[in-house]
Amino acid sequence: MADEEDYSNLPIGEKIVHKVWKVRQDGYTTLNEEFAKSRSPEDQCFSIFNQRPETVKQIVTDSNVVAQETGIQAVCFFFEYGGTSANASKLLNAGLVTSLCEKGLSSSRAGTKSKTVEALLRMVEHLNSGDQVIEQIIPFFDHRLPKLVAASVNAVYTIIEQFGCQVASPKPVIPKLAKLFSHADKNVRAQTTTLTVELYKWMGQGLTSVLMDNLRPVQQKDLQADFDKVSGEKPEQKRYTKQQQEKLAEQQRANEREDVDMDVDNSEVKGADPASQEFDPHEMLEPVDVLSKLPSDLSSRMASAKWKDRKEALDEVYAVLSKAPKLVNADYTDLVRLFAKCMKDANIQVVQLAANGVEFLSKGLKQGFHKYQHIVLGPMIDRNKEKKPSVADALANALDAIFDSSSLGDVLDETIIGMRHKTPQVKISATEFLRRCLSKTTTAPRRPQIDIIMEVGVKLLSESQEPIRQAGTDMIGTLMKITGERELVGFLEKVDENRMAMVRAAYEKAEVKCKTSVGTSPQRSMSARTAATTTKKLASVPSLRKTEPVSSQAIPSKRGATSPAKKAEATKLPSSVRSLTGRSLVSPSTRINSSASKPESFSKGPLMGAEELQELETLRKEKSELLSQTNKLAELQLNWEREREQYHEQIKHLQSQVDNLQDENANKRQVLVDKDAEILHWKNEAGNAKLKILSMEQVITMLKLNQNGASTDLIEERRSDSPQPLFSPTRTVEVQAESSGRGSQSELSSRVNRLSIDGRETQRGASQSPGTQESNITSPVRSEGYRRTSNYSTSRSKESDSEEDNWKKAAEVTAQLKARIEKMKQRNRISMNRP
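Counting from 1, one number per residue, gives the positions in the sequence shown under UniProt numbering.
Treat the hints loosely; a few may be bogus.
What the hints assert, rightly or not - Here are the in silico distance ranges between beta carbons for each label pair:
no., residue 1, residue 2, range
1, Lys-823, Ser-296, 32 to 42 Å
2, Asn-214, Leu-638, 23 to 33 Å
3, Lys-306, His-143, 55 to 65 Å
4, Ala-110, Ser-407, 25 to 35 Å
5, Asn-684, Ala-303, 45 to 55 Å
As the list claims (entries may be wrong) - The list that follows gives simulated cross-link-like pairs (lysine-lysine, DSS-like), each with its CA atoms no further than 30 Å apart:
no., residue 1, residue 2
6, Lys-825, Lys-690
7, Lys-113, Lys-242
8, Lys-481, Lys-459
9, Lys-171, Lys-221
10, Lys-57, Lys-201
11, Lys-344, Lys-459
12, Lys-176, Lys-247
13, Lys-683, Lys-818
14, Lys-221, Lys-234
15, Lys-341, Lys-293
16, Lys-388, Lys-341
17, Lys-481, Lys-513
18, Lys-176, Lys-201
19, Lys-311, Lys-247
Calculated from the structure, these hints are not laboratory results. Here a beta-carbon is modelled for each residue, glycine too, at the ideal position from N, C-alpha and C.
Based on the provided sequences and hints, a complete structural model is requested.
Next comes the structure, spelled out in structure tokens:
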């Protein structure tokens with residue numbers, strides 16, 4: 001034992017890198033003690049970690065589990081006592097988070113795991129953001145070791161649970177949840193469920209819309225049950241970053257410096273608190289491009305006369321928009337105009353689907369929907385005449401979504417027009433919508449807006465139908481909750497007592513988010529500042545401060561005027577020598593001297609000099625001018641609001657006229673298209689008729705040629721036959737053959753040649769001599785005609801040969817005619833198919 005080396009005298013830098021684990025552990029323990037005793041982050045003890053980040057990485061990956069736990073504790077102490085944003089970033093870039101996850105989270109010691117998570121939380125605290133830390137933890141979600149995956153998921157859950165989603169963004173975590181739910185290890189699935197439930201507390205339905213479609217039905221059912229258990233819980237940030245801590249400390253010091261007599265608005269103080277800032281889950285979602293997913297023929301299908309076609313098209317739009325909680329910034333004007341046009345549709349299912357589409361667009365675009373709301377807000381309020389609950393709820397939800405993306409002033413004009421509508425149901429729905437807007441607005445309405453609202457609201461209180469009166473009562477009660485009863489008392493002078501009692505009851509039960517009343521409007525604030533300035537100037541006059549105590553010694557303050565005349569004189573003092581509470585700032589002896597026409601002389605000196613009196617008069621004049629200007633501005637603004645309302649009605653009327661003209665123009669265009677199609681159809685029919693006539697003429701000509709060749713035989717045969725009908729085709733051919741003479745047979749070949757399409761027969765006939773043609777074609781016929789009595793049998797044989805040749809030529813001509821007819825029909829079809 002004597003030969004053992006003494007390591008206690010080694011420097012800390014050598015101890016923490018020593019090959020013996022007990023020496024390293026001793027070095028880590030010594031670091032913890034020095035860190036805890038340090039006075040500032042600039043102490044020398046922190047230089048080891050600041051100058052050598054690789055040493056910190058070596059400490060957290062110590063091969064000995066006992067020394068490793070002590071080393072991770074030293075890292076936690078380093079961040080607690082000497083950590084800054086700079087050294088936290090340096091260690092992050094050196095791979096400290098990766099080392100902590102590999103060796104710390106995978107440890108079998110519970111103390112090592114908890115200290116590792118604490119070190120990660122300390123890094124988030126000094127980095128003022130958890131995004132970089134979470135990004136380096138997420139790769140371990142795919143690790144082959146299940147316990148490391150579960151520990152990594154638990155570390156991310158702890159970061160989000162402690163700091164909230166406004167510090168640690170869940171964007172990179174959400175795409176990994178579906179795969180983690182399908183993990184084979186049950187501990188991983190359990191930790192994933194815990195993390196998902198925590199995310200649901202912060203994001204709400206925004207998480208459901210992007211996660212549920214990627215899970216199996218059983219997983220969806222179990223997860224929804226877990227969501228229902230925490231539904232309505234509002235999470236709070238439990239741990240703050242260094243930057244938030246500094247802001248909170250600064251705000252606390254500012255509150256301590258505030259004067260107790262000052263009117264401090266608690267809501268403003270809360271708004272300045274970084275921990276009270278509301279988290280918007282919409283910012284955590286990835287935007288989706290829905291315009292490219294919509295049907296390409298949406299406009300043509302929505303123009304269909306069948307309501308089923310329009311409904312099917314909107315069903316496809318609904319399926320696309322319902323899966324996109326956040327939309328990319330694009331031009332949705334055409335789609336919004338389409339929804340606005342659907343508000344006039346006769347089918348209520350089309351109206352409901354269009355209202356759902358407006359709701360999805362408004363929630364997906366948030367403030368970006370503000371530029372489209374003027375297109376659809378008016379038609380939606382007018383369509384509120386529907387009494388079916390499903391349609392009414394869809395319209396109400398869409399209107400509420402529009403208000404959430406805008407402000408009270410943006411929707412007030414269209415709402416006032418709806419409150420003046422002739423249809424009772426539209427009045428009720430518009431008034432209810434205004435009441436909901438007043439209950440949700442965080443900005444108090446201006447005085448001209450209050451005047452317009454009350455002008456219409458008081459009229460609703462005298463309507464003949466009780467639902468309209470009740471809607472107006474609730475709306476006025478909500479407005480009174482914001483402004484106070486004093487602001488509206490002038491409008492309610494002529495309202496009967498029973499209705500006023502209902503208004504007060506509505507005022508008592510109304511819930512609003514706006515904490516600023518009209519009493520703190522710019523006009524009144526300016527008047528209050530003027531009064532405060534006057535008070536300070538009066539208090540700064542030296543004579544007032546000296547006269548009060550001197551006069552109180554000469555005459556007791558309890559003594560007053562002993563005669564009515566003196567009391568009257570005392571009440572006639574000018575307001576310049578009275579305080580803001582109404583009591584005189586001078587003593588009774590001063591008042592007696594002032595009644596003797598000596599305002600400038602007092603028992604102990606002058607009350608107020610000429611300069612102060614002149615300045616006071618100037619301030620009064622400025623105040624009166626300011627009040628008059630304020631009243632004029634209020635009147636001008638009221639007139640401007642009325643003119644704006646009139647112009648808005650004119651714009652609406654012109655827009656309806658434009659829509660009607662567009663519909664008429666579309667109908668006329670459709671009629672013209674139908675007429676053009678009908679003209680083209682009759683043209684085709686005429687062409688076909690001409691072709692048919694031509695074909696029939698060719699057939700008749702062939703029949704004539706055929707009958708001429710056999711006319712002689714037919715005449716001889718028909719003489720012996722029974723008589724035929726007068727108008728039969730055979731009889732007509734025979735009569736024509738007899739009248740044409742026996743020389744008609746000589747023209748048969750020439751007629752057949754003329755019927756030829758390509759002229760080959762004509763050319764062939766022309767190339768032969770006339771004698772040859774005559775001998776080849778007409779000689780048998782003529783022989784049969786002139787020598788009929790001498791050589792009848794020889795003529796009959798030659799005649800049959802000539803007739804057979806004619807039939808062959810007729811068949812060729814017929815085939816050519818059919819081919820030509822088919823070509824003409826094909827050209828007609830091509831011309832009809834052309835646009």
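Taking the hints in turn, this is what the structure says about them:
1. Lys-823 to Ser-296: 32 to 42 Å: The hinted range 32 to 42 Å holds for Lys-823 and Ser-296, with Cβ atoms some 39 Å apart.
2. Asn-214 to Leu-638: 23 to 33 Å: violated (55 Å)
3. Lys-306 to His-143: 55 to 65 Å: 57 Å Cβ-Cβ, so the 55 to 65 Å window holds.
4. Ala-110 to Ser-407: 25 to 35 Å: violated (53 Å)
5. Asn-684 to Ala-303: 45 to 55 Å: With Cβ atoms ~28 Å apart, the hint is violated.
6. Lys-825 to Lys-690: holds (11 Å)
7. Lys-113 to Lys-242: holds (24 Å)
8. Lys-481 to Lys-459: Holds - the C-alpha atoms of Lys-459 and Lys-481 are around 20 Å apart, at most 30 Å.
9. Lys-171 to Lys-221: Holds. Lys-171 to Lys-221 sits at ~24 Å (cutoff 30 Å).
10. Lys-57 to Lys-201: violated (35 Å)
11. Lys-344 to Lys-459: Answer holds: Lys-344 to Lys-459 is near 28 Å, not above 30 Å.
12. Lys-176 to Lys-247: Between Lys-176 and Lys-247 the Cα gap is close to 34 Å, so the pair fails against 30 Å, i.e. violated.
13. Lys-683 to Lys-818: With a Cα-Cα distance of about 21 Å, the restraint between Lys-683 and Lys-818 holds, given a limit of 30 Å.
14. Lys-221 to Lys-234: holds (23 Å)
15. Lys-341 to Lys-293: holds (21 Å)
16. Lys-388 to Lys-341: Answer holds: Lys-388 to Lys-341 is near 20 Å, not above 30 Å.
17. Lys-481 to Lys-513: Holds - the C-alpha atoms of Lys-513 and Lys-481 are around 10 Å apart, at most 30 Å.
18. Lys-176 to Lys-201: Holds - the C-alpha atoms of Lys-201 and Lys-176 are around 18 Å apart, at most 30 Å.
19. Lys-311 to Lys-247: violated (54 Å)
Checked against the numbered hints given earlier, this structure breaks hints 2, 4, 5, 10, 12, 19; the rest are met.
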